[in-house]
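A.B. asks: Sequence:
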Amino acid sequence: MPHTALRTIAHAVPAAALLLTVTACSATPDTTPAASPPQGSPQQSATDRPTTEPSEENSAMRIRLMIDGHSVDAALNDSSTARDFAALLPLTLDLDDFQETERVTDLPRKLSTDGAPASSDPKAGDLAFYAPWGNLALFYRDGHRSPGLVILGRLTERDDIARLADADRVRIQPAS
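Numbering (the working numbering), first residue to last: 1 to 176.
These are calculated hints, taken from the structure and not from any lab test.
Heads up, the beta-carbon is just placed ideally off N, CA and C, and yes, glycines get one too.
One should not assume that every hint holds.
Restraint-style ranges between C-beta atoms, simulated for each label pair [unchecked claim]:
no.: 1; residue 1: G115; residue 2: A162; range: 28 to 38 Å
no.: 2; residue 1: G69; residue 2: R145; range: 29 to 39 Å
no.: 3; residue 1: R109; residue 2: D159; range: 12 to 22 Å
no.: 4; residue 1: S112; residue 2: P174; range: 11 to 21 Å
SDA-like mimics (lysine to any residue), calculated; alpha carbons at most 20 Å apart, straight line [claimed, not checked]:
no.: 5; residue 1: K110; residue 2: W133
no.: 6; residue 1: K123; residue 2: L88
no.: 7; residue 1: K123; residue 2: H144
no.: 8; residue 1: K123; residue 2: P108
no.: 9; residue 1: K110; residue 2: A86
no.: 10; residue 1: K123; residue 2: R145
no.: 11; residue 1: K123; residue 2: D73
no.: 12; residue 1: K123; residue 2: D166
no.: 13; residue 1: K123; residue 2: A162
no.: 14; residue 1: K123; residue 2: L95
no.: 15; residue 1: K110; residue 2: G134
no.: 16; residue 1: K110; residue 2: L88
no.: 17; residue 1: K110; residue 2: D78
no.: 18; residue 1: K123; residue 2: A75
no.: 19; residue 1: K110; residue 2: L93
Kindly generate the complete structure, drawing on both the sequences and the hints.
C.D. replies: Structural data, given as structure tokens:
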């Protein structure tokens with residue numbers, strides 16, 4: 001191979017890597033899905049797994065969230081991801097706002113996403129796991145369909161959703 005061709009390839013590879021990095025990290029506010037950059041993808045593609053919403057599954061477990069001294073009830077669905085989350089309880093977690101739609105926090109470990117849908121369309125009151133980042137999301141507004149977002153359950157009372165918007169810390173435990 002001529003020396004000029006090798007030099008061209010040597011310059012093209014870093015440029016391509018930079019382009020991919022910039023593309024993977026950029027998104028506009030109108031197109032960014034909740035808790036997810038557009039390029040974030042689960043281990044399987046959308047065509048590999050069903051897109052049914054686990055928030056509609058039967059409840060497997062009742063849980064209680066303590067938000068600013070108020071007890072808030074929720075129900076986890078019967079997905080393997082929700083069961084894996086329940087195994088971590090009780091948890092006390094610090095929350096941060098994300099896109100004025102949800103409160104997010106890191107979990108102690110990533111959860112199993114076996115059998116989970118490729119993406120989910122979160123609604124206000126949903127508790128979800130965002131697999132690419134390994135975090136928990138508590139939605140106080142409806143979000144956008146996001147690849148890698150797995151609905152774990154939801155708050156049982158709509159009136160409690162507003163408490164999530166300003167919550168800085170939450171304790172989550174099994175309901176007794």
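A.B. asks: Hint by hint, note whether the structure agrees.
C.D. replies: Now the hints, each set against the structure:
1. G115 <-> A162: 28 to 38 Å: holds, 32 Å
2. G69 <-> R145: 29 to 39 Å: holds, 34 Å
3. R109 <-> D159: 12 to 22 Å: Given range 12 to 22 Å: violated, Cβ gap about 32 Å.
4. S112 <-> P174: 11 to 21 Å: Given a distance of about 19 Å, which is inside 11 to 21 Å, the answer is holds.
5. K110 <-> W133: holds, 8 Å
6. K123 <-> L88: At roughly 24 Å apart (the allowed maximum being 20 Å), L88 and K123 break the hint.
7. K123 <-> H144: This hinted pair holds, its Cα atoms lying about 9 Å apart.
8. K123 <-> P108: The given pair, whose Cα atoms are some 24 Å apart, is violated under the 20 Å limit.
9. K110 <-> A86: Distance ~13 Å between K110 and A86 Cα, so the pair holds.
10. K123 <-> R145: Holds. K123 to R145 sits at ~10 Å (cutoff 20 Å).
11. K123 <-> D73: The given pair, whose Cα atoms are some 16 Å apart, holds under the 20 Å limit.
12. K123 <-> D166: Status holds; Cα separation ~17 Å.
13. K123 <-> A162: holds, 13 Å
14. K123 <-> L95: Holds, at about 18 Å.
15. K110 <-> G134: holds, 5 Å
16. K110 <-> L88: holds, 11 Å
17. K110 <-> D78: holds, 18 Å
18. K123 <-> A75: holds, 14 Å
19. K110 <-> L93: holds, 15 Å
In summary, the structure is inconsistent with hints 3, 6, 8 from the numbered list given earlier, while agreeing with the others.
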